[in-house]
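First to last, the protein sequences are chains A and B.
Number 99 in my numbering belongs to position 99 of the first sequence; there are no gaps in the numbering.
Number 160 in my numbering belongs to position 160 of the second sequence; there are no gaps in the numbering.
Source of the hints: derived by calculation from the structure; they are not laboratory data.
Each hint should be verified, as a subset may be incorrect.
[Claimed, not checked] Label pairs and their calculated CB-CB ranges: (1) B/Ala310 - A/Arg26: 51 to 57 angstroms; (2) B/Gly36 - A/Ala173: 40 to 46 angstroms; (3) A/Pro127 - B/Gln13: 33 to 39 angstroms.
[Stated by the list, open to error] Residues from chain A shown here face chain B by an in silico Cβ test under 8 angstroms; the list is partial: (4) Trp31; (5) Ala34; (6) Pro42; (7) Leu45; (8) Arg46; (9) Leu62; (10) Gln63; (11) Phe66; (12) Val67; (13) Arg68; (14) Leu73; (15) Asp74; (16) Glu119.
Using N, Cα and C, we set each Cβ at its ideal position, and we do this for glycine too.
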Amino acid sequence: MQVRPSQPIAAINPSVSDEQLVARARSGDRWARAALFRNHAPRLLRTLMRLLRNRADAEDALQDTFVRAFEHLDVLREPAALPGWLTQIAVHQAHRQFRRGTVRRLFGQRAQEALPLGELVDEGLSPEAHADLTFASRAVGKLPAKVRVAWLLRHLDSRTLEEVADACDCSLATAKRRVAAAEERLRSLRTDGDTDA
Amino acid sequence: MRDDRSHLALDEQQLDALWGGVDQRLGRRRRRRRAGVAIGAVLSMVAVVWVVGGTRIAGMWRSPVLHLASGADVPVRTDGALVEDLAFSDGSTVHLAPTARLELLENGAHGVGLALRQGTIDVHVQPGGERMWSIETRLATVQVVGTQFRVEHLDHAVHVSVTAGVVIVRGETVPGRVRRLQAGDEILVEEPVAAPVVVPMPHAPAAPRPAAPLRPVAPVVPATPVAPAKPPVTEDPPPTRASLMSRADQARRQGKIAEAVALYGEILTAWPHDPEAGVVAFTRARLQADDPAAAARGFEQALALGLPAALVEEAALQRFEEWRASGDISAARRAALDYLLHQPHGEARQRLRAWLLADK
C-alpha cells in the first residue's frame with residue numbers, strides 16, 4: 001500500500017453532486033477526484049472489509065479501485081451510476097486479492113487471519129444472528145469465490161439481489177443462483193457439523 | 001478492547017492517508033504514460049526518418065540519369081553508320097545496324113525512352129534494373145524491364161522479336177492494342193492495311209540472335225512515298241479543330257509523319273491563339289527530326305506560344321539540340337544561353353555550359 005504523509009483531503013461541498021464532480025474529474029480536476037474519494041471511500045471500504053475480512057487487503061483493494069476508476073472515468077456513460085460502477089470495480093479488485101492470496105499460499109506464505117464476520121456487520125445484531133455468523137465465519141471460506149462474494153454482499157452488506165447482480169456484473173438470475181447455492185452449502189455444512197473440515 | 005465496528009470505520013487521518021496513496025499512484029501512472037507517449041513519439045519519428053530518409057538516401061545514390069559505360073552522356077541521336085554499339089552504365093546494351101537511327105527521348109531515374117526512327121536495333125536490357133525501357137517506333141511501343149530483344153524498322157511494318165525475358169508491345173495495329181511477348185515470340189506490326197501477326201518461334205534461342213539477316217516474317221511492301229496532307233477539297237463543311245487534331249494524331253500514330261506535320265501546321269495556322277497551340281507546335285517539332293532547322297523553329301514557336309511547365313525544359317533543350325544539329329551554331333548558342341538563363345534546375349545545364357565553353 002502506498003501511503004504518503006498526511007495531506008489535507010478536499011472538503012466536500014454537499015451542493016456539488018456526483019455528476020458535477022465526475023465531469024470535473026474527467027477534465028483533470030484533482031480536487032474533484034479527492035471529493036469523489038471522500039464521498040465513496042468509507043462505503044466501499046466497508047464492502048471490501050466484508051469481502052476480504054482483512055484491513056490491509058481491503059485498503060489495498062480500495063486504493064486499486066479508485067486508481068482504476070479515475071483512469072477509466074471516461075468510460076462511465078452515466079455519472080449517476082457512479083456508486084454501482086465503483087462497487088463493481090471494488091468487487092473485481094476483491095477477486096484479484098483472492099487470487100493473490102491463492103498465489104501467496106502456493107508459495108508457502110501463511111494466509112492472513114480473516115476477521116470474524118460478526119465484527120464486520122453493522123450494529124444491532126441479535127444473539128441468534130451473531131451465533132449464525134460465528135458458524136458462517138468458518139464455513140464461508142469453503143465456498144467458491146463468486147458464490148461467497150454474492151452471499152456476503154447479500155447478507156453482510158445488506159444489498160438487494162439486483163445490487164448483488166450489478167456488483168458482480170452478472171444477471172439477476174445468476175446472482176440469485178449464487179446466493180441460493182451459498183445458502184444451500186452453508187446449510188449442508190451445518191447439518192453435517194463439518195465446519196472444521 | 002477495540003470496538004467491533006472500528007474495523008469498518010474510516011477516520012479523517014486514514015482517509016487522507018488512503019487518498020494520498022491513490023493520488024500518488026495516479027500521478028506516477030500519468031508520468032509513466034507521458035513517458036510512454038514520448039518514447040512512442042520518438043520511436044515513431046525515428047521510424048519515419050528512417051523510412052523517408054532511407055528512401056531519399058537511396059534516391060540520392062541512384063543516378064538520376066543513365067550514362068554510357070564510359071561515363072559519357074547518352075547521345076541524343078545515334079546513327080548506326082557511325083556507332084555500332086551503345087553500352088550503358090547499368091550493363092544494358094544496344095547494338096545498332098548500320099542503317100539504324102536512334103533518338104533518346106527520356107533518360108530518368110525510372111525510365112529510359114528511345115525512339116527508333118529507322119533500321120534495326122538489338123537490345124539487351126539488364127534484368128533487375130531500376131528503369132523501365134521503352135522503345136518507340138512509328139507503329140508500336142515496346143516496353144521492357146529486363147530482357148533481350150530486337151526491334152526492326154521495315155518500310156511498312158515494325159518487327160519485334162524476343163530472345164529472352166518478356167516484352168510488352170503496344171500499338172494501334174497490335175491485336176488488342178497490346179501484346180505480351182515471351183522468349184521465342186515475335187510480332188510484325190504492320191500499317192493498318194494489314195493485320196499484325198504473332199508467330200511463336202519453335203525454339204527459344206539460348207543466345208542473342210545475330211543482327212542480320214533477319215528471317216522474313218512478312219512480305220516487305222515497297223516503300224510508297226507519303227503524300228503531304230492536302231486541305232480537304234470537298235463540299236463538306238470546313239474541318240473543325242477537333243477533327244483536324246484527330247486526323248493529325250492518327251497520322252502520327254500510323255507513322256505518316258509528313259501528313260501529321262502538315263495537319264498540325266494547318267491547325268496552327270487556323271487557330272494560332274488556341275490555348276493548346278503551344279503543345280501542337282511542340283508535337284509537330286518533335287516529328288521534324290529530318291529537318292533540324294524546322295524542328296528548332298518549331299520548338300521556338302512552341303515556347304513562344306506557351307507550354308505546360310512539364311514540357312518547357314524539354315522544348316528549350318530540344319531547341320538547342322536542333323539548332324546545333326542544323327549547323328546554326330549562333331542560334332544554338334542563343335538557345336543554350338536561354339536554357340541556362342531560364343532553367344536554373346535543368347538537368348542539361350552542365351552539359352550545355354561545357355558546350356558553350358568548348359565552343360568559344
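Here is how each hint holds up against the structure:
| no. | hint | result |
| --- | --- | --- |
| 1 | B/Ala310 - A/Arg26: 51 to 57 angstroms | 54 angstroms, holds |
| 2 | B/Gly36 - A/Ala173: 40 to 46 angstroms | 42 angstroms, holds |
| 3 | A/Pro127 - B/Gln13: 33 to 39 angstroms | 34 angstroms, holds |
| 4 | Trp31 | 11 angstroms, violated |
| 5 | Ala34 | 6 angstroms, holds |
| 6 | Pro42 | 5 angstroms, holds |
| 7 | Leu45 | 5 angstroms, holds |
| 8 | Arg46 | 5 angstroms, holds |
| 9 | Leu62 | 6 angstroms, holds |
| 10 | Gln63 | 5 angstroms, holds |
| 11 | Phe66 | 5 angstroms, holds |
| 12 | Val67 | 5 angstroms, holds |
| 13 | Arg68 | 10 angstroms, violated |
| 14 | Leu73 | 11 angstroms, violated |
| 15 | Asp74 | 14 angstroms, violated |
| 16 | Glu119 | 4 angstroms, holds |
Checked against the numbered hints listed earlier, the structure breaks hints 4, 13, 14 and 15; every other hint is satisfied.
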